[in-house]
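Chain F is fixed; fit chain H onto it per the hints.
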Amino acid sequence: MAVVSMRVNGKAVAGEVEGRTLLVQFLRENLGLTGTHVGCDTSQCGACVVLMDGESVKACSVFASEAAGTEVRTIEGMANADGSLSPIQQAFQDNHGLQCGFCTPGMVMTAADLLQRNPDPSEHEIREYLEGNLCRCTGYHNIVKSIQDAAQKMRASATAAE
Amino acid sequence: MPKDFGIGASPKRREDVRFLTGKGRYTDDINVAGQAYAYVLRSTMAHAKIGKVDATAARSAPGVLDVMTGDDIAEVGTLPCGWQIHSRDGSPMAEPPHPILARGKVRHVGDPIAIVIAETLALARDAAERIELDLEPLPAAVDMRKALADGAPTVHDDAPGNLCYDWTFGTPQEETDAEFEKAAKVVELELVNNRLIANPMEPRVAIGEYESHSGMHTLHTTSQNPHVIRLLMGAFVLGIPEHKLRVVAPDVGGGFGTKIYHYAEEALVTLAAKRLGRPVKWCSDRSEAFVSDAQGRDHVTKIELALDEGGKFLALRTDTLANMGAYLSVFATAVPTYLHGTLMAGNYTTPKITVNVRAVFTNTVPVDAYRGAGRPEATFQLERLIDKAAREIGMDPVELRRKNFVQPDQFPYATPVAVEYDTGNYDATMDKLLEISDHAGFEARRKESAANGRLRGFGIACYIEACGIAPSALMGQLGARAGGFESASVRVNAAGGITVWTGSHSHGQGHETSFAQVVAEMLGVPDEMVDIVHGDTAQGPMGMGTYGSRSLAVGGTAIVNATNKVIEKARKIAAHMMEASASDVEFADGKFTVAGTDKSMAFGEIALAAYVPHNFPFDELEPGLEEQAFYDPSNFTFPAGAYACEVEVDPETGKTQVLGFWAADDFGNVVNPMIVEGQVQGGVAQGIGQAMLEHAVYDDEGQLVSGSYMDYAMPRADDIPMVGVDHSCMTPCTHNPLGVKGCGEAGAIGSPPALVNAVIDALHAGGHAVPHIDMPLTPQRVWSALNAAG
Chain F
1 MAVVSMRVNG
11 KAVAGEVEGR
21 TLLVQFLREN
31 LGLTGTHVGC
41 DTSQCGACVV
51 LMDGESVKAC
61 SVFASEAAGT
71 EVRTIEGMAN
81 ADGSLSPIQQ
91 AFQDNHGLQC
101 GFCTPGMVMT
111 AADLLQRNPD
121 PSEHEIREYL
131 EGNLCRCTGY
141 HNIVKSIQDA
151 AQKMRASATA
161 AE
Chain H
1 MPKDFGIGAS
11 PKRREDVRFL
21 TGKGRYTDDI
31 NVAGQAYAYV
41 LRSTMAHAKI
51 GKVDATAARS
61 APGVLDVMTG
71 DDIAEVGTLP
81 CGWQIHSRDG
91 SPMAEPPHPI
101 LARGKVRHVG
111 DPIAIVIAET
121 LALARDAAER
131 IELDLEPLPA
141 AVDMRKALAD
151 GAPTVHDDAP
161 GNLCYDWTFG
171 TPQEETDAEF
181 EKAAKVVELE
191 LVNNRLIANP
201 MEPRVAIGEY
211 ESHSGMHTLH
221 TTSQNPHVIR
231 LLMGAFVLGI
241 PEHKLRVVAP
251 DVGGGFGTKI
261 YHYAEEALVT
271 LAAKRLGRPV
281 KWCSDRSEAF
291 VSDAQGRDHV
301 TKIELALDEG
311 GKFLALRTDT
321 LANMGAYLSV
331 FATAVPTYLH
341 GTLMAGNYTT
351 PKITVNVRAV
361 FTNTVPVDAY
371 RGAGRPEATF
381 QLERLIDKAA
391 REIGMDPVEL
401 RRKNFVQPDQ
411 FPYATPVAVE
421 YDTGNYDATM
431 DKLLEISDHA
441 GFEARRKESA
451 ANGRLRGFGI
461 ACYIEACGIA
471 PSALMGQLGA
481 RAGGFESASV
491 RVNAAGGITV
501 WTGSHSHGQG
511 HETSFAQVVA
521 EMLGVPDEMV
531 DIVHGDTAQG
541 PMGMGTYGSR
551 SLAVGGTAIV
561 NATNKVIEKA
571 RKIAAHMMEA
581 SASDVEFADG
591 KFTVAGTDKS
601 MAFGEIALAA
611 YVPHNFPFDE
621 LEPGLEEQAF
631 YDPSNFTFPA
641 GAYACEVEVD
651 PETGKTQVLG
661 FWAADDFGNV
671 VNPMIVEGQV
681 QGGVAQGIGQ
691 AMLEHAVYDD
701 EGQLVSGSYM
711 DYAMPRADDI
721 PMVGVDHSCM
731 TPCTHNPLGV
741 KGCGEAGAIG
751 SPPALVNAVI
761 DALHAGGHAV
771 PHIDMPLTPQ
781 RVWSALNAAG
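Going line by line, the protein sequences match chains F and H.
Counting along the first sequence from 1, when you hit position 111 you're at 111 in my numbering, and nothing is skipped either side.
Counting along the second sequence from 1, when you hit position 439 you're at 439 in my numbering, and nothing is skipped either side.
Isolated chain F (complex conformation):
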């Protein structure tokens, strides 16, 4: 067992882990952040996507010890400071971009990663970027629409802020 420490959603956290402990287990079991989900065991569903130092990673494919010293952001850290939904979260609700909600945290985190890299992605680029995230409910139609809507609103508010 070893102690790892990192920042999660802006707070310093630490916990005892085994060498084999995955980041997703650390988040769910040590920290009780159960918004990050486990949907497979071959690193292919994307339900566990979080941001690590600003980049999306599958938390099932990172050891907790590898995340030591990094800044991790999970779905629990996505809302605005006042608790209201962030533009991406709001767009998912507005466009019915979720049904059972299980893949949703991973979708939102992947969308956040995409939109910080590419604020104006085409439908094709969105679909390509979602390649590592499975959804069984929506048929992706409304997830794509949600991300397009979020992108448009985030661009508009960035323009307004300039």
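Be careful, since some hints might not be right.
[Unchecked claim] No more than 16 Å apart at the CA atoms, straight line, and that leaves these computed lysine to aspartate or glutamate pairs for EDC-like:
hint, chain 1, residue 1, chain 2, residue 2
1, F, Lys145, H, Asp718
2, H, Lys388, H, Glu399
3, H, Lys655, H, Asp718
4, H, Lys23, F, Glu76
5, H, Lys12, F, Asp94
6, H, Lys572, H, Glu626
Source of the hints: derived by calculation from the structure; they are not laboratory data.
Coordinates of chain H only, in the frame set by chain F:
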């Protein structure tokens, strides 16, 4: 202006905020103080005699609390099958026992052999490796046709020849055969409905708890119908009376049928929790789900259609083999029979229809209902065959379908396969489909593709399904061991807030939003005054749960009926308060008014009065405002529609691109259009998955070759196009008060044949006379077919 609440509006889903902020509470998110962890040791062989299971070393391994094998729990009951089918000779189906831990033999890869409970999952898993297992391999029965042949390995000694039943249905065979004798044209087709794995994104999880001082068991589980699990597990497996067994299905991450059934692990953790006096949690990983969740489809069919000179359908006959897998799952026997045979008329007036089905045991994972359940299999056969018939007689496939549609003035329409369609308008959905898919512009698009060396195709399929499952009386006659009702309880609280308990369960369908819309509309209050509670047997009356697109049609009707009882009770209270006769009190827009006067009271005032009954005449009027209803439907509902798909095939590689998909559905009335459209889009994606990508493949030894997301091709975002949906053709259901039919499965039913028809159309346009290709339409299959046809 569109409504912003009540029936017909699309308010944002109230469920979404918790899911979007990580506050959802799925079963795996629940951890009970003191819980131990279970690991299930499963067979790695498809068929083997169990020589020895020695758990001595495992029992003494670090952190191990308990180990159970099949022999340790011999007194426990077996997993029940919910539907008894009778063969054509009147004999009941073969119904071999399905133990929760294998005894004597293992019968499929994944068959549970032992369960290890330890302080951590890692310790349980490590200890399981110390179980000494002596499995003597036996030849496996895998392919259905081979399993029925003489000398095939026998899966169950009490199912000779691996036959579960040999069922016939509809018109007597000789009558149908006589039509074929005199028909101008007979068209036939042999096809496979590929085996699928439902793959809800949340794997199954079960947590058992036991309270020794009260004898109370609690099971948290990933279920579509917690009340049914309580009944099946309590009454048939563990012998726990229902008042001592609480089953909770909290947020559930998708079901698609595979979370209907009672599974061994639910009983095992319940049993283990009592043995240990500690909560026990079991969590499936995805690899385990591939070999332990009930799988879907897997039919092999020969179907024939007789037509007259003008293209009118005269008769239809089918011969299907349906795979049951190694054991009978809860609905398994009903899927290829009453959920399949009854739909073989489709949208058409075919007067004679005979359906034959043999159900077969194999050394594969059990097969049961998966989104659509029997109806996709029926629709696929029929709609592929009609397309083939159109090509063979040289008639446009749309025209051939229209020529044979049941016409609006023929409803109610009794089919030769036991059901009576209440209403519909199939030409209307076809017209709408051709409009939204720009069918008229297709030939120009085809030419454009041809100029680029690509083969473009357009495919159509119609569908009808029987939903709103189901009238209990009919189910009983057909062999069901359960009823088809649903329950609701509506409590109006003193300050006017309303709590509704429903026996339906939501695992993505948005009931918390749409059911609230119904109650709000009826009571004339804002949506947010109504809360919907589901998923806990300790709250609300016995319910039957969610499957078969039944929630709104059956569960919603129970809510309507309970709400109407509330209104009647409130009317009596209003009459008392306003000193009028109840028959003179009218209720509209949330207000009770004495007819012909200006005396009125708001619904909220009546709610308060109900609980402050200072001067009620108690012999005539009880305090309180809370009512319950159990609704049993008088008929199925019959959603129907027409689907179109446009594809482009690259003849060099056989790769198919789905360019467009359109759905024109008649769901009757629609409560929340946003949710309904989402259901269709999701269903279509699963249908495209079946047609293009997904296939559960077993090798000759019964190993599941496609046992992970690396090998089982799930549809991903770039496999699915935007899906054009329309539900404006509405013929309201005639026998439920909401006029609704159900929308959950349609997408998965109508889409596979539309897609395959489109690919076949594309190949024919390129001069390749390919009669049929079995799903999934991989580039290899399409390329091979195209080259074989020349």
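Could you work out which earlier hints the structure fails to respect and list their numbers in ascending sequence?
-> Every hint satisfied by this model.
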